[in-house]
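J.: Chain residues, written in single-letter form:
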Amino acid sequence: MDTAVARVADWWRRVLASDVLHSFRSSRLVMLSAAVAAIYFSGAMLAPWLAPQDPFDLAKLQLLDAFTPPVWMEGGEARFPLGSDNQGRDVLSTIMFGSRVSLLVGVASVLFAMLLGVTLGLISGYVGGSVDAFIMRVADIQLSFPAILIALLIDGMVRLAIPGSRHTELAVLVLILSIGLSFWVQYARTVRGVTMVEKNKEYVLAARVIGVPPALIMLRHVLPNVMGPTLVIATINLATAVITEATLSFLGVGVPPTQPSLGTLIRIGNDFLFSGEWWITIFPGAALAILVLSVNLLGDWLRDALNPKLR
Amino acid sequence: MIAFVIRRLLQSIVVMLTVAFVAFFLFNFVGDPINNMVGQDTSMADRERLRQDLGLNDPFPVRFATFVGNALQGKFGVSYRMAEPVGRLIASRLPATLELSLMAASFALLVGIPMGVYTGLYPKRLSSRFFLTISLIGISLPTFLIGILLILVFAVLLGVLPSFGRGDVVKLGWWSTGFLTASGWKAVVLPAITLGLFQMTLIMRLVRSEMLEVMRTDYIKFARARGLTDRAVHFGHALKNTLVPVITITGLQLGAIIAFAIVTETVFQWPGMGLLFLQSVQFADIPVMATYLILIAFFFVVINLIVDLLYYVVDPRLRIDVQIRAN
Numbered sequence: 001m002d003t004a005v006a007r008v009a010d011w012w013r014r015v016l017a018s019d020v021l022h023s024f025r026s027s028r029l030v031m032l033s034a035a036v037a038a039i040y041f042s043g044a045m046l047a048p049w050l051a052p053q054d055p056f057d058l059a060k061l062q063l064l065d066a067f068t069p070p071v072w073m074e075g076g077e078a079r080f081p082l083g084s085d086n087q088g089r090d091v092l093s094t095i096m097f098g099s100r101v102s103l104l105v106g107v108a109s110v111l112f113a114m115l116l117g118v119t120l121g122l123i124s125g126y127v128g129g130s131v132d133a134f135i136m137r138v139a140d141i142q143l144s145f146p147a148i149l150i151a152l153l154i155d156g157m158v159r160l161a162i163p164g165s166r167h168t169e170l171a172v173l174v175l176i177l178s179i180g181l182s183f184w185v186q187y188a189r190t191v192r193g194v195t196m197v198e199k200n201k202e203y204v205l206a207a208r209v210i211g212v213p214p215a216l217i218m219l220r221h222v223l224p225n226v227m228g229p230t231l232v233i234a235t236i237n238l239a240t241a242v243i244t245e246a247t248l249s250f251l252g253v254g255v256p257p258t259q260p261s262l263g264t265l266i267r268i269g270n271d272f273l274f275s276g277e278w279w280i281t282i283f284p285g286a287a288l289a290i291l292v293l294s295v296n297l298l299g300d301w302l303r304d305a306l307n308p309k310l311r
Numbered sequence: 001m002i003a004f005v006i007r008r009l010l011q012s013i014v015v016m017l018t019v020a021f022v023a024f025f026l027f028n029f030v031g032d033p034i035n036n037m038v039g040q041d042t043s044m045a046d047r048e049r050l051r052q053d054l055g056l057n058d059p060f061p062v063r064f065a066t067f068v069g070n071a072l073q074g075k076f077g078v079s080y081r082m083a084e085p086v087g088r089l090i091a092s093r094l095p096a097t098l099e100l101s102l103m104a105a106s107f108a109l110l111v112g113i114p115m116g117v118y119t120g121l122y123p124k125r126l127s128s129r130f131f132l133t134i135s136l137i138g139i140s141l142p143t144f145l146i147g148i149l150l151i152l153v154f155a156v157l158l159g160v161l162p163s164f165g166r167g168d169v170v171k172l173g174w175w176s177t178g179f180l181t182a183s184g185w186k187a188v189v190l191p192a193i194t195l196g197l198f199q200m201t202l203i204m205r206l207v208r209s210e211m212l213e214v215m216r217t218d219y220i221k222f223a224r225a226r227g228l229t230d231r232a233v234h235f236g237h238a239l240k241n242t243l244v245p246v247i248t249i250t251g252l253q254l255g256a257i258i259a260f261a262i263v264t265e266t267v268f269q270w271p272g273m274g275l276l277f278l279q280s281v282q283f284a285d286i287p288v289m290a291t292y293l294i295l296i297a298f299f300f301v302v303i304n305l306i307v308d309l310l311y312y313v314v315d316p317r318l319r320i321d322v323q324i325r326a327n
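Residue numbers (our numbering), protein chains in the order written: chain C, 1 to 311; chain A, 1 to 327.
Derived from the structure by calculation, the hints contain no laboratory data. All values reported here derive from a predicted model rather than from experimental measurement. Be a bit skeptical, because a hint or two may be false.
Keeping only pairs whose Cα atoms sit at most 25 Å apart, straight-line, the calculated SDA-like set for lysine to any residue is [what the hints assert, rightly or not]:
#1 K124/A - M31/C
#2 K186/A - F274/C
#3 K124/A - W301/C
#4 K124/A - D304/C
#5 K240/A - V111/A
#6 K124/A - S23/C
#7 K186/A - G276/C
#8 K124/A - D300/C
#9 K186/A - S275/C
#10 K124/A - S27/C
#11 K124/A - S26/C
#12 K186/A - D271/C
#13 K124/A - F24/C
#14 K124/A - L293/C
#15 K124/A - R303/C
#16 K186/A - F272/C
#17 K186/A - L273/C
#18 K124/A - R28/C
#19 K124/A - R25/C
#20 K75/A - M157/C
Facing chain C, according to a computed beta carbon distance under 7 Å, are these residues of chain A, among others [said to hold, decoys possible]:
#21 M16
#22 T18
#23 A20
#24 F144
#25 A259
#26 T266
#27 A284
#28 N304
Cβ coordinates follow ideal geometry from the N, Cα and C atoms, glycine included.
Could you build the full structure based on these sequences and the hints that come with them?
T.: Shown next, in the form of structure tokens:
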């Protein structure tokens, strides 16, 4: 027990004295974006308890409430701080629930891309030979197309393979898979590079000599050494994944309207832009932009902070 | 050099064949192509005859070879949704997308390079910081959001520019152009800015960092010591040396522009290939999807090939690298 406490205390002492924390505290912009990101994540996760209204409870929605402007404009009501949309849903609540879907898809697809990319990168770098050549050629081919096109294509193919009603249930999963599949290459390339360096180091050779099976060497010995760069890519990737999800949903091939993400909300609101109800689309849009911007800034900072060459 | 070109060409052909295979796979194995073509009341015997006539009973490699052969002759089948040959359908949409992409790329270059040079030469000025902040926002905002904001400001609030369509077009043979009418020019402004903004910020940041790097080098100091004017140093010596990576990135981004046109065309209801593709995804119109895919892949491969060759011509280090590996 004492040792566990001591270990935790020791870990904290190391964190508090680290360069990373110092560089975090020395930049106001980074601290601001970290705060914004934290507010977003907690707001999205706690949406069912924090949101003023449950936008999916049809019993509580009143069509008479539709198109209420934001509270500071003429005709605004305190019940709808940012106004209401065409179905009488509170825009603030739909944004909170929408961020939830956006973040869920973003994080899950980054994790999936990471899992796939790191696995293939490890195998490619460690095994080498024709396996390596094959994986890297596939990566090269995929890399020459933009991720959004790949995601759109995979989504379209799955849509064809699965009949319509089933597709609505699986839409979120399909979206996660298609975005994940369009982002794995970056991880695979980076991990492969690091693995090729690590596998010739003495600790790996020693593990081989005492007869540790290759899979175990990759997992226990090489993997911890490739996690640093991987996590940096993941942070930067998160913003891109959120944008990709929003774009696909905006195009109408992403999540179904019953589970709106920020992109879906913007698409719904876009129809009312010309009739003057700008708040239905502009507020979700601003929410998306601020989220992406803060995650981007955090990713940039993390990349610089963890890279000793830049200091 | 020749070995490099041949290897690169072979790689391109492999990419094209892979994409053709995916398209072929879509055609034949996702859903039943016969079901997609005939009505409910077609008898089993008729279906079987059609299957035989279309060669769907042939062995797999034969069918793939036929598919590639047809694609090479521009025969891509008939759209399920519009009952028109896909080749003609795409050809009628191609000019709209290419003109939009051309305008977007010109916007990105003509605005991005000067802004990059300016912020690179005077990094401490307030206006430079302002441009940099703008560019960070440009990178963080998704394309469709930029489009919506532009529509809100210039079409809804100010009412000075149209928010959808191409305006009046003039037919030149099979090519329809919007560049010959005033309304065509007006219509292209907002979509082109929307599509080009991300590329513009990218080019601006690239030129900026290259300029910062070049301005520190000895030959710039030497040029100054020789007493050359600022203009000669900045544009004759510095800018020239930043342009190599800019050319490469621009080439690669040209493909991205054509692909991202899908989003811009949806926002502005621009009657191009991207809009056609998106509609075909929603209606499961496989021939159109497959053809678009092959065409885009072809654009990408050609652009990548040209960029790689340009790179090889421009950058002497690459040539040496290849020679070392050959020995």
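J.: Look at each hint and say if it fits the structure.
T.: Cross-check of the supplied hints:
Of the pairs offered as hints, the one joining K124/A and M31/C holds, with about 24 Å between alpha carbons and a cut-off of 25 Å not exceeded. Under the criterion of a C-alpha separation no larger than 25 Å, the hint pairing K186/A with F274/C is consistent with the structure, at around 19 Å. With a C-alpha separation of about 21 Å, the suggested pairing of K124/A with W301/C holds against the 25 Å cut-off. With a C-alpha separation of about 21 Å, the suggested pairing of K124/A with D304/C holds against the 25 Å cut-off.
A C-alpha spacing of about 17 Å is found between K240/A and V111/A, which places the hinted pair at or below 25 Å, so the restraint holds. Taking the CA atoms of K124/A and S23/C, the gap is about 22 Å. The hint holds against a cut of 25 Å. With a C-alpha separation of about 23 Å, the suggested pairing of K186/A with G276/C holds against the 25 Å cut-off. Restraint check: the Cα-Cα separation between K124/A and D300/C comes to about 21 Å, which is no more than 25 Å; the hinted pair holds.
Note on K186/A and S275/C: the hinted pairing holds, with a Cα-Cα distance of about 22 Å set against a maximum of 25 Å. Proximity of K124/A to S27/C is assessed by CA-CA distance (about 19 Å); at most 25 Å being required, the pair is judged to hold. Distance check on the hinted pair: K124/A and S26/C sit about 20 Å apart at the alpha-carbon level, within 25 Å; holds. For a cut-off of 25 Å, the pair hint linking K186/A to D271/C stands: about 22 Å separates their Cα positions.
With a CA separation close to 24 Å, the supplied pair K124/A and F24/C stays within the 25 Å bound. A hinted pair counts as satisfied when its Cα atoms are at most 25 Å apart, and K124/A with L293/C qualifies at roughly 23 Å. Our distance criterion of 25 Å between C-alpha atoms is met by K124/A and R303/C, whose separation comes to about 24 Å. Proximity of K186/A to F272/C is assessed by CA-CA distance (about 23 Å); at most 25 Å being required, the pair is judged to hold.
A C-alpha spacing of about 20 Å is found between K186/A and L273/C, which places the hinted pair at or below 25 Å, so the restraint holds. Distance hint between K124/A and R28/C is fulfilled; the C-alpha atoms sit about 19 Å from each other, no more than 25 Å. Under the criterion of a C-alpha separation no larger than 25 Å, the hint pairing K124/A with R25/C is consistent with the structure, at around 24 Å. Between the alpha carbons of K75/A and M157/C the distance comes to roughly 22 Å, so the proposed pair stays at or under 25 Å and holds.
Hint status for M16/A relative to chain C: violated, with the closest Cβ pair at about 10 Å, above 7 Å. With a least beta-carbon distance of about 6 Å to chain C, the hint placing T18/A at the interface is held under the 7 Å criterion. Hint status for A20/A: violated, given a least beta-carbon distance of 12 Å to chain C, over 7 Å. For F144/A, the interface hint holds, the least distance from its beta-carbon to any beta-carbon of chain C being 5 Å, beneath 7 Å.
The criterion of a C-beta within 7 Å of any C-beta in chain C is met by A259/A, whose closest approach is roughly 5 Å, and the hint holds. A cut of 7 Å between beta carbons decides the hint on T266/A: the least distance to chain C is about 6 Å, and the hint holds. Proximity of A284/A to chain C holds as hinted, the smallest CB-CB distance being about 5 Å (cut-off 7 Å). Given hint, N304/A at the interface with chain C, holds; its Cβ is 6 Å from that chain's nearest Cβ, closer than 7 Å.
Checked against the numbered hints above, the structure breaks hints 21 and 23 and satisfies the rest.
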